[in-house]
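Engineer: Guided by the hints, dock chain U onto chain B, whose structure is given.
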Amino acid sequence: MSMTKSKVNFFEVERAGINTTFQDSGRKNFNHIGIPISGVMDRRNYILANAILKKDLNSPVIEFAYQGPLLKYNGEKIFFVITGDVKFQIIKNNKEIIIGEPYRVFQIKNNDIIDILSTNKSVYGYLSISEDLFLDKTWGSISTNTKARIGSNNGEKLSNNQKINIDHKNNNTSFTKLNYINSKIEYIRVIKSTNFDYFTEKAKNYFFNSEFKVTKLSDRMGMRLEGKNLENKVSTNIKSEGLVKGVVQVTSDGNPIIMLADHGTIGGYPKIANVISADFDKLVQMTPGSIIKFKQVTLEEAEKLFKFYNLETNNLINQIS
Amino acid sequence: MIKNILNLGDAAVYCDFGKDVNQEINTNVIKYFKNIKDKNIEGITNITPSYNKLIVSFDLMVTNYSKIKKIIENIEINEKSEKAKKFLEIPVCCEKNLKLDNDRIEKILKIKFDKILENFFNKEYFCYMTGFIAGMPFLGDINEKLRVKRLETPRVKVPKGSVGLTEQFCNIYTYESPGGWNIIGNTPLEIFNKDNQDDPALINPGDKVKFKQITKDEYDKIKS
Numbered sequence: 289m290s291m292t293k294s295k296v297n298f299f300e301v302e303r304a305g306i307n308t309t310f311q312d313s314g315r316k317n318f319n320h321i322g323i324p325i326s327g328v329m330d331r332r333n334y335i336l337a338n339a340i341l342k343k344d345l346n347s348p349v350i351e352f353a354y355q356g357p358l359l360k361y362n363g364e365k366i367f368f369v370i371t372g373d374v375k376f377q378i379i380k381n382n383k384e385i386i387i388g389e390p391y392r393v394f395q396i397k398n399n400d401i402i403d404i405l406s407t408n409k410s411v412y413g414y415l416s417i418s419e420d421l422f423l424d425k426t427w428g429s430i431s432t433n434t435k436a437r438i439g440s441n442n443g444e445k446l447s448n449n450q451k452i453n454i455d456h457k458n459n460n461t462s463f464t465k466l467n468y469i470n471s472k473i474e475y476i477r478v479i480k481s482t483n484f485d486y487f488t489e490k491a492k493n494y495f496f497n498s499e500f501k502v503t504k505l506s507d508r509m510g511m512r513l514e515g516k517n518l519e520n521k522v523s524t525n526i527k528s529e530g531l532v533k534g535v536v537q538v539t540s541d542g543n544p545i546i547m548l549a550d551h552g553t554i555g556g557y558p559k560i561a562n563v564i565s566a567d568f569d570k571l572v573q574m575t576p577g578s579i580i581k582f583k584q585v586t587l588e589e590a591e592k593l594f595k596f597y598n599l600e601t602n603n604l605i606n607q608i609s
Numbered sequence: 002m003i004k005n006i007l008n009l010g011d012a013a014v015y016c017d018f019g020k021d022v023n024q025e026i027n028t029n030v031i032k033y034f035k036n037i038k039d040k041n042i043e044g045i046t047n048i049t050p051s052y053n054k055l056i057v058s059f060d061l062m063v064t065n066y067s068k069i070k071k072i073i074e075n076i077e078i079n080e081k082s083e084k085a086k087k088f089l090e091i092p093v094c095c096e097k098n099l100k101l102d103n104d105r106i107e108k109i110l111k112i113k114f115d116k117i118l119e120n121f122f123n124k125e126y127f128c129y130m131t132g133f134i135a136g137m138p139f140l141g142d143i144n145e146k147l148r149v150k151r152l153e154t155p156r157v158k159v160p161k162g163s164v165g166l167t168e169q170f171c172n173i174y175t176y177e178s179p180g181g182w183n184i185i186g187n188t189p190l191e192i193f194n195k196d197n198q199d200d201p202a203l204i205n206p207g208d209k210v211k212f213k214q215i216t217k218d219e220y221d222k223i224k225s
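If you read the sequences in order, they're chains B and U.
For the first sequence, the working numbering assigns the number 609 to the last residue and increments by one with no breaks.
For the second sequence, the working numbering assigns the number 225 to the last residue and increments by one with no breaks.
One should not assume that every hint holds.
Within a straight-line C-alpha distance of at most 25 Å, the following computed SDA-like cross-link-like pairs (lysine to any residue) qualify [claimed, not checked]:
1) Lys521(B) with Asp21(U)
2) Lys435(B) with Val157(U)
3) Lys425(B) with Ile42(U)
4) Lys435(B) with Glu191(U)
5) Lys71(U) with Thr586(B)
6) Lys504(B) with Lys68(U)
7) Lys451(B) with Ser347(B)
8) Lys480(B) with Arg156(U)
9) Lys158(U) with Glu444(B)
10) Lys409(B) with Glu499(B)
11) Lys492(B) with Ser523(B)
12) Lys68(U) with Tyr597(B)
13) Lys161(U) with Gly443(B)
14) Lys527(B) with Thr64(U)
15) Lys504(B) with Lys581(B)
16) Lys527(B) with Val22(U)
17) Lys595(B) with Thr64(U)
18) Lys435(B) with Lys40(U)
19) Lys435(B) with Gly181(U)
20) Lys527(B) with Leu152(U)
21) Lys40(U) with Gly428(B)
22) Lys70(U) with Asn598(B)
23) Lys435(B) with Glu153(U)
24) Lys343(B) with Asp403(B)
25) Lys161(U) with Glu125(U)
26) Lys521(B) with Val22(U)
27) Lys527(B) with Lys20(U)
Beta-carbon label-pair distances, calculated as ranges [unchecked claim]:
28) Lys211(U) with Glu300(B): 51 to 57 Å
29) Phe122(U) with Gly577(B): 47 to 53 Å
30) Glu125(U) with Tyr475(B): 29 to 35 Å
Computed footprint of chain B on chain U, listed as stretches where at least three residues anywhere in the stretch have a Cβ under 8 Å from a Cβ of chain B [what the hints assert, rightly or not]:
31) 42-50
32) 201-211
If you are wondering where the hints come from, they were derived from the structure by calculation, not from laboratory data.
Just so it is clear, CB atoms sit at the ideal spot from N, CA and C, and this is done for glycine as well.
Bound-form chain B, shown alone (with noise of 0.2 Å):
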């Protein structure tokens, strides 16, 4: 065993995936000059994947959609693990196939390959490693933007040829893992806004008693729904105003847009309703074509779940073992 100079350490992406940024908690007190708060889209299993690795919570993570990346790794030995609903195996040197677990912590040594196949009925899952990455802060965060251009990788998706340097500090790390199974949701819980009564009472019946379907037209900065025309009586634009995550606006098509982390920090189209911060993480891992009921809640019902969502991510974290 030589203990002489350490070794640069790399992924080599051989394959980016479909959406693949580095992200972290997020980018906060920017919204003012147009930059939104970025950071992960589903920060339960965000948390999770840094929580199995015993890492500070906030540590940045590979964030992919879909398809993820197949990454080659060169250095010495290393710890990962992914979160989500994520089909994903470990192919290595000596070709032997691993298939891969989520939540639970595997080892990849020099020349082995993470190659991350789909996320399963989901859009997120998440890659954690052992050590740091080297990134780039714009602003106290990692979190890639790729609409403004900001963060690590200049602001840009991971691409294909492309290296990520990794600071080895052999950070101590045991085999631990979590059983835990992403569950579906019926309906997402939300708040009524502050023009929801631009809406007639057909549109605001058929928002809490219809459904609306995703569409394609859906990614990081927003999620475009499509159901019955919400029929608006007074206006279908309204002064810019600020916006925030979870926000459901209306637009002049009467089709709701929900707004996600990386939103547009101010827009001109009505409110009818902003998703409750404990639905979030559900919200976000619905798939094109997936189906959305929405059900009203309370600002004291919203502030009481979501206190019990962070129990539970806290019992979960607990259960790691």
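Structural biologist: Just chain U now, with coordinates in the frame of chain B:
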């Protein structure tokens, strides 16, 4: 000052300063924005001023609506905490393929493009807000004779630096983006510079702006 405070979802406070869009109301919004920002209140994750609203979002893990609402209601507004406002002169070239919508605006307003420009350049503008895309300033008020609606079908790509008009306001596209404003010209200046981490936006709410018409030669010279 604040007419009405509401919740926007479970993690934001919606402060309504009134229905109208004018500089007096907007100056109030900016005053509140700066004072709340200076207080570094625990749990606040974003403060977003617009024409007549201010949205304060927070981390529901740390705080909640009633706590932040109370802080905002009782905040002492310190007039002196306002940063000195800037006066900026922005060069704009309105020649050749930089004036994308001159025909459309001429037709709608029934005024010759030269006259439109004369009116446009002969006025000082006030920055109401920045946003939508990083650093994009919303400047007003446009001369009442020059007010046009946005394009029926927005462009998929508006070139970086484009100067656009819509109703009471003009704006500048800080980088290439989709958009529906009526483009009358283009500025060679870098309006948003992400490498300037302390002050990335050249124009900020409350600043005054005057546009200056330049030739294509001058435009190319500044650009190079």
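Engineer: So, against the hints stated earlier in the document, which numbers end up violated here?
Structural biologist: 6, 8, 14, 18, 30
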